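S.K.: Take the sequences, apply the hints, and build the full model.
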Amino acid sequence: MRSAIRFLRARPGLIFGMAASIWAFALWRLLGMPSPGIEGRLLPLCVLLAGVASPSRGPGRAGQVCIAVFTIASLLWQVGGLAFVICRVSLAACCIPSCISAARGRFGMARALLPFAPIIILMVPFTGDEPYNAALGESIWVDGDLNTTNNLRQLDPNSAVEPEHGDLGGISHHLPLFALLISPGLLLGSAGIRILCLIVSGISGLLILKVLAKAHAPDPGGWAALGMLLLPGAGILGLAYPDWAAAGLVAAGALAAGKRRRIAVSLILALALTALKTRYAPAGAGLVAAAVLSSGRKKLVPAVLLTVAAVTAVLVADRFALGGRLFWIRYGNLEFLRTLLYRTAAEAGMMISAPFWALFDSEAGLLWRAPWLLVVPAGAAAFRRRAPEAFRALAWASALYTIALFVWLPDFWHSSPTPTGRLFVPLIPFLVGCAAFAARGSRPVLALSAVATALSMAIPAVRFNHMDGTDVFISMVARLGGPGLQAALPSSVRPDALVALAWLGVAAAAFVLVQRRNGRAVAYLLAAAFMAASFASRAMTAGVYEAEDLAADFRIGCGLYPESDDPMLRNAWTDSRERLLRLSNGMDAVILPVPATDAWGTASITLRGDPSGDFGLRITCGSVDTLVHPLAVPAPLPPWVGEVRGGRVVRRVAAGDLLEETVEVELEPGPGRTLLLRADGPPFATDPDQGIFLDRIVLR
Amino acid sequence: MFGISAGTLSASLGILAAALTFCRSPWTAAAVSILAVAAMCSEVTGRALLAFSAGLLMTLAGEGFPERACGLVAAALSAQEGSPVGVVPLLVAALACLPVRGRAVRIPLMAALAAAAIALFGMPGSDRQVEGILPERFGPAGEEWPGTMNLDLSSPRLLMRLPGIIGTEIGVVVEGGGVLDSLPLGMIMTDCGAMPVMPGRDTLLVDGSGDFAEFILLRPFEPLEHPVIHVGPAYCLPGVLE
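Going line by line, the protein sequences match chains A and B. Number 520 in numbering that gives the first Met the number 0 belongs to position 521 of the first sequence; there are no gaps in the numbering. Number 69 in numbering that gives the first Met the number 0 belongs to position 70 of the second sequence; there are no gaps in the numbering.
None of these hints come from the bench; they were simulated from the model. On a predicted model such as this, the values are computed, not experimentally measured, just so you know. All residues carry an ideal CB built from backbone N, CA and C; glycine is no exception. Check the hints yourself; a few may be wrong.
Claimed, not checked - Estimated spans, in silico, between C-beta atoms of each pair:
| no. | chain 1 | residue 1 | chain 2 | residue 2 | range |
| --- | --- | --- | --- | --- | --- |
| 1 | A | I14 | B | E62 | 16 to 24 Å |
| 2 | A | M475 | B | I165 | 35 to 43 Å |
| 3 | A | R1 | B | A103 | 17 to 25 Å |
| 4 | A | M0 | B | G121 | 48 to 56 Å |
| 5 | A | F106 | B | L223 | 34 to 42 Å |
| 6 | A | A527 | B | P237 | 36 to 44 Å |
| 7 | A | D564 | B | L158 | 20 to 28 Å |
| 8 | A | V623 | B | G121 | 42 to 50 Å |
| 9 | B | G121 | A | D679 | 45 to 53 Å |
| 10 | B | P145 | A | I37 | 21 to 29 Å |
| 11 | A | A527 | B | G121 | 36 to 44 Å |
| 12 | A | L503 | B | L97 | 40 to 48 Å |
| 13 | A | V623 | B | I164 | 26 to 34 Å |
| 14 | A | R1 | B | V104 | 23 to 31 Å |
Unchecked claim - Here are some chain B residues the structure puts well away from chain A; computed CB gaps all over 12 Å:
| no. | residue |
| --- | --- |
| 15 | V72 |
| 16 | L182 |
| 17 | T202 |
M.R.: Encoded structure:
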């Protein structure tokens, strides 16, 4: 008996985990909260596993606060959807301190991953590139080819590989190495693939830990776990994306830095990174460059020659032995180079603005989800001083990868609709390495990052944004209250210079405070900024309706244009990436409340007209009944846009999309009434691009 | 209506901030943070809920009597506007726990009193029953409702706009469950009558000649039951329209 008591006393974390999980499970059942079979079991299980992973660490204040918040929110869950969100997030947040603590012991990375493993394996949808990677693995083992059109589709219709990926005879931007790496997991289905990917992530975390330990960073285990468990890394932790594997290879490059055969090792790592995905080739080049630079002038010429010879050998082998499947067919041909030239000229503006939006965009920006990145610059100097070789390798790899990312994918840096920020995961070894040396004063930003991570773990849907101007989580919270806070947050889809500059100022102030290690002031600053944004958004959105955001209460029928959720499949207009609300038949209508006024008012309706000219917009409000035929003016296209045949521009294209135009209607004074907008024309649009496309309605 | 005005919210925030000035415990800091988040929330119910939670958290876990009293006042302030169902018994339970010093006694006591309050007066909820609307889509083949929406105890009503054409019949896929018996979970009401929604999955035929069909989850709160109805997709049946 005494030994049992002694055993339990030495394990306060385990006792807390067991008690908290039983409490959460029982409360979930007793109070009748939704999803008792999945979330009602998995989230308490995570709390229990957190206790198992870190038995000797007590709950701490954070754990107690989380359980108290869960208890109170669970009592109020019937009041509104937000209470249920708080319940789930507080349980997930409760696990994070235990995960960090667990990472400091033996098998630290495995124990740190344990609490969230059930959620990652069972709750995160198997979407995006995941089914493709699984199909490719199956195709290699079962069919002996790279053609994925006949794989997975017959097993799970929801995991079907889309024809545009599959019908290419094995030639696509996906390479087979990662698919091979995770293919043993196929034996257990999607759960097996997730387990394999968790192991890959864990190994990468371990390599980051080794880098930090080599640099004598304070608390290497804790920081390595933070790098894994905080966003953006947490977004794809255990998911079938190659980014964590790439992060591991980059960390391995940093470990090899300063050793005798560093050039040869970095060359092998660079080739492995390129074989993982061509996008990582610049990171590999960075590792090689750092190794060459650190080897001194005497070895510089042989090193460069060795690198050129290795790359040439791979390219020759690809061209003549593999039929160009690795590189030549995809990127080495003349047509591709010409396309690259035109595209680069066309998207220069996006390339310049992409780094800003990558930090600040409310849907995909890193600072909203990972404010811990603010502490990175504060620790860079110390990291460089303590481990110059590792720092150089990571800095070169990260810098070249980032530059290439924004030049190569200026319109896909956000990675939507796959988990936000995943393309930045290969930078995590460098970012964590720097952050680990700036621990003091970083608690508030770490706490905020932990809450953001808990949100993405407890409600996996918030990871998947669609770059349509509305963040999934904010839409979820503000569903009943209109656009709300979203209007006062920066958005690359609906850019507002004033809002963007204001948040740039807030970020700059927060950055300065973090450099001064004043964490409390950062917390106050961020709270004040959010409250100011909240009040500003109410003024900004009074009488303003983004048509595509309108709930079903304000519209009858209507559809979104373009329909696809994938931003890559809806590069809608040459001058905007916004979605619009399409009115394409006689029944589609928008109904908005017009408040009572004593003076004349106006309704400004911003829209794009019907290209066929068949549809007009009928506007009705009180005695006003107007039929407007928008001008449907084609937008002038940039001069480089034309029809290309045989590698030459043979014909200029005359006109592009329709310009956006604004229709204004005067509204007479009177009591409260409704504004009705309808498409006037044929009963149904015969063309998928026909109709009236509403953008914004402003009632003044 | 369980709404909360900016004035009340500011007053609550002021009270909790004052408590934070005198007693810098992490509990008070957490409560003030929750209240600051409440100010960001554009939805009134959510805002009130957060403000109430913040006050209750401090009453439950605050270290000193003044801190706990401030928490209770803040919670009461957020609940005093309108008539939230079942919140007052929770406030009374919190008031009874206020003088108890030790957290080890106070928290179980509060839990017991809250359980008794829920057993006697039911779960706290909103008396503002906002109906969701199932979005429709028009096409040459007829009207259809391609999405799925859920009814549970926090949102027990849903409206479906009907074509309003005599002779139309609509097939609605309905799935219900989460209860320990096989009695009806809810009902569908139209201009022409009502029909029950039973546990399990079914396609119900609804007369489309009215203006609306209303789906209502009728089950009240019962411990260990999680009643839910998934509604949709729905479609006009071909060949019925004359």
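S.K.: Evaluate each hint against the coordinates.
M.R.: Hints and how they fare:
| no. | hint | result |
| --- | --- | --- |
| 1 | I14(A) to E62(B): 16 to 24 Å | 23 Å, holds |
| 2 | M475(A) to I165(B): 35 to 43 Å | 39 Å, holds |
| 3 | R1(A) to A103(B): 17 to 25 Å | 23 Å, holds |
| 4 | M0(A) to G121(B): 48 to 56 Å | 43 Å, violated |
| 5 | F106(A) to L223(B): 34 to 42 Å | 38 Å, holds |
| 6 | A527(A) to P237(B): 36 to 44 Å | 59 Å, violated |
| 7 | D564(A) to L158(B): 20 to 28 Å | 26 Å, holds |
| 8 | V623(A) to G121(B): 42 to 50 Å | 48 Å, holds |
| 9 | G121(B) to D679(A): 45 to 53 Å | 51 Å, holds |
| 10 | P145(B) to I37(A): 21 to 29 Å | 24 Å, holds |
| 11 | A527(A) to G121(B): 36 to 44 Å | 39 Å, holds |
| 12 | L503(A) to L97(B): 40 to 48 Å | 46 Å, holds |
| 13 | V623(A) to I164(B): 26 to 34 Å | 29 Å, holds |
| 14 | R1(A) to V104(B): 23 to 31 Å | 27 Å, holds |
| 15 | V72 | 16 Å, holds |
| 16 | L182 | 16 Å, holds |
| 17 | T202 | 20 Å, holds |
Of the hints listed earlier, those the structure fails to meet are numbers 4, 6, in rising order.
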